[in-house]
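J.: At position 116 of the sequence shown the residue is numbered 116 (full-length UniProt numbering), and the sequence of numbers has no breaks.
Treat the hints as calculated values from the structure; they're not laboratory data. By construction, the Cβ of each residue, glycine as well, lies at the ideal position given by its N, Cα and C atoms. Fair warning: there could be bad hints in the mix.
To be verified - Taking CB as the label site, the calculated pair distances span:
#1 R59 <-> M117: 41 to 47 Å
#2 G48 <-> K2: 35 to 41 Å
#3 L94 <-> L49: 18 to 24 Å
#4 A11 <-> Q39: 27 to 33 Å
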Amino acid sequence: MKFMLAFTETADDFDQRNDPATAPVYWGGWSSFIDAMAQAGVFESGAGLQGPHTASTVRLRDGKRLVEDGPFADTKEQLAGFVIIEVPDLDAALDWAARAPSAQTASVEVRPVLSPMSGPAA
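Using the sequences and the hints given, assemble the complete structure.
T.: Below you can see the structure in the form of C-alpha cells.
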C-alpha cells in the first residue's frame, strides 16, 4: 500500500533550517530519516517545501480567482514537506511516521494514496 506522510513543522523548526548553529543537526535528522526509508526500500518520492511565507493560497469564488500570499490558516504548525512510501499496511506507515523528526515537535499526517486508475476503492 502507498501512503503519503505529510510533515508539519513549527515556526521554530523552520527557523532551524537556516540558522548556522542548528541547520546541520536539523538537516542531518532529515537526511538520516530519508536514508533509512531508502535503505528499507519503502521510499517512493517526496520533497521538502520552502517556508510558509513563500506560499500562495488560491480560491475561486463567483468565477473570480482570489489569491492570498502566505498560508491561509494562521496555525502553530505549517506543511513542511511530504514523502510517498510503499509499505505493507497502515501500521508500517505509522511506524515510519513516528520516526520523522517533525513528529517530535509538530505532527505527521498519514494518508493512503488513491490509485490513479481505481479511485478510493483501490
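J.: Now, for every hint given, state plainly whether the structure supports it.
T.: Outcome of the hint check:
no.	hint	in the structure
1	R59 <-> M117: 41 to 47 Å	30 Å, violated
2	G48 <-> K2: 35 to 41 Å	19 Å, violated
3	L94 <-> L49: 18 to 24 Å	22 Å, holds
4	A11 <-> Q39: 27 to 33 Å	32 Å, holds
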